[in-house]
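**Q** Residue numbers (the working numbering), protein chains in the order written: chain A, 1 to 114; chain B, 115 to 226.
Please keep in mind that the hints were generated in silico from the structure rather than gathered at the bench. All figures in this text were calculated on a predicted structure; none of them were measured in a lab. Where a beta carbon is used, it is the ideal one built from N, C-alpha and C, also for glycine. There could be a bad hint or two in this list.
Label-pair ranges, simulated between beta-carbon atoms [stated by the list, open to error]:
no.	chain 1	residue 1	chain 2	residue 2	range
1	A	G16	B	G130	34 to 40 Å
2	B	Y185	A	M27	32 to 38 Å
3	A	P61	B	K116	17 to 23 Å
Quick look at which bits of chain A chain B covers, simulated, 3 or more residues with Cβ under 8 Å [what the hints assert, rightly or not]:
no.	region
4	68 to 75
5	78 to 86
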Amino acid sequence: NAGVTQTPKFQVLKTGQSMTLQCAQDMNHNSMYWYRQDPGMGLRLIYYSASEGTTDKGEVPNGYNVSRLNKREFSLRLESAAPSQTSVYFCASSPRQENTGELFFGEGSRLTVL
Amino acid sequence: QKEVEQDPGPLSVPEGAIVSLNCTYSNSAFQYFMWYRQYSRKGPELLMYTYSSGNKEDGRFTAQVDKSSKYISLFIRDSQPSDSATYLCAMRSSGSARQLTFGSGTQLTVLP
């Protein structure tokens, strides 16, 4: 019973490089989310997908793009990484289309941008 | 000023103590309140979920919401070393487009 799986778990990038964080859930959940967690800032929503085929911006979308590939998978892409994007990224899913607060999180992807 | 304020700690207590974790908020539209537990280098997991004011108990955990004071609490009775984690409060208003607002978390250590 894997739940929410994120890859990679760790990544180091140089400024300007691009990369994609992958997320997959096996709980048949409708909505999926990408958050970033920074010290003293709490979790902040980057993008979300209420259902397959839809995506919307969250609180801090600049510098990121997302793709809801199918119901299971939701990827986050950094086109030109910046040091300010050094963070821990969490993917989450929820059974419902709206974010009721019942979120299931992955274990996180730690990204360092030099 | 942040919408949700949470004392970051760290908070250290002896095993068996009663722990009180708190969040204050400024948005009176918040109606749904959650507590998440996050172990080191892991993702958060939902611990408690409450709607509006009142108390909710689940085993050793009690969540309390006081909307008049814009204050929520999580009480842990008979604390155990396995309770050592960071506790995040989260809240949202009603409406399908509303997203969660998280506190920054309180780091708790329960000493054996």
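**Q** Among the hints numbered above, which are violated by the structure, and what are their numbers in rising order?
**A** Numbers 1, 4, 5, in rising order.
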